[in-house]
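Line order of the protein sequences matches chains H and D.
The first sequence begins at 1 in our numbering and counts up one residue at a time.
The second sequence begins at 151 in our numbering and counts up one residue at a time.
Calculated directly from the structure, the hints in this document are not laboratory data.
In this text, all values refer to a predicted model and were calculated from it rather than measured experimentally.
Errors might be hidden in some of the hints.
To be verified - Quick look at which bits of chain D chain H covers, simulated, 3 or more residues with Cβ under 8 Å: (1) 199 to 210; (2) 248 to 256; (3) 264 to 277; (4) 311 to 317.
Quick reminder that beta carbons are idealized off the backbone N, C-alpha and C, glycines included.
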Amino acid sequence: MTILSQVRRRALLSTAFAGLLAAAVPASAQQSGQRVTVTGEISDSWCTISGLMFAKGTAHHQCAVWCALGGIPVAIRDANGNLYLILKIGDDEDSAGNPRVAKLATHEVTVDGELLERDGVKYLLVDRIADDKGVITMTHEEHGIQPFGN
Amino acid sequence: MRGGVTALFIATGLATAPAQAAEPWNIPHERQAVLKGRVVDALCQLKGRCTPDCGGGKRQLGLVLSDGMFRLVAKSNIDFAGATTDLSPYCGREIEADGLLIENPAVTLFFVQRLRERPDQDWIAAERFKADFEAKNGKAEEWWRADPEANRIIAADGPFGIKDLQPKPKP
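Only chain H is shown next, with the shape it has when bound in the complex (with noise of 0.2 Å):
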């Protein structure tokens, strides 16, 4: 038993089967995308939807430091819970345990590049990073540090 499924033994079972007669509609591969400008958190896929701790700004962000580094998809949030999975910046197509953009992780950035979306997730291609304002959500007063508090 790993320590996180320790820890999710605590995390609530709610609409687990919300989704599950939703029709598979397969698609084309090479898609063209649409051009988007997404600003939001640069955060793991993971923490975000597993509920399994605070997966926002300050207290997260060492966890998702380790998520990123241990390979677990990076995404942006927006402010509406969209999730934008990165699977590159620029001319850097690595997508999985890039320290670049470990480094990004918790940061409030806003990006350019190309929409593509696939059997329920949203694939951004970066192209540049417009902006970067850095860790800015404050959340370590109220949740520590996520999730072991060291």
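Given the structure of chain H, go ahead and fit chain D onto it with the hints provided.
Same frame as chain H, but now just chain D:
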């Protein structure tokens, strides 16, 4: 818990879990599933930007299922670790992946717990990340605290990601 979840899937006529199914984590929108598909890298699948080795362990990987659906495999059975290390050796090949499909409205991801190439093979735990890490960095109870790159970033930027902001000393 596991039996109850399996029973529910059978009741809905959508059972995909075998007798020994993936361990539930009680994550919202999760369901046990065995996905059968071909290992591909996401950038190749979506944009045709391919490499012979699916990115050599540096790209996000997933499975293309028989109906054409693409499922990104985001998490392995190691804490804080993705599944690229587990899937990379199977680049371009068909596998079965046993785990949790999480159909969150914001994103659908698959958490692989074990995999195999054929039904007559034993399952292989999706835990290769730790073995590879320890081969490079030495044995570590918690790889994330032993990772040199993580420690460099946290030392430079602080645990909160702001250089001058440090945790208060514990009383």
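Three residues minimum, CB to CB under 8 Å: does the stretch 264 to 277 of chain D make the cut for coverage by chain H? Let me know.
Not satisfied, violated; 0 residues make the cut.
In terms of beta carbon proximity below 8 Å, does the stretch 311 to 317 of chain D have 3 or more residues touching chain H?
That given contact holds, which follows from 4 residues of the stretch 311 to 317 of chain D lying within Cβ reach (below 8 Å) of chain H.
For the stretch 199 to 210 of chain D, does the count of residues with a C-beta closer than 8 Å to a C-beta of chain H reach 3?
holds (count 6)
Three or more residues of the stretch 248 to 256 of chain D near chain H by CB distance under 8 Å?
Result for this restraint: holds, n = 5.
In summary, the structure is inconsistent with hint 3 from the numbered list given earlier, while agreeing with all the others.
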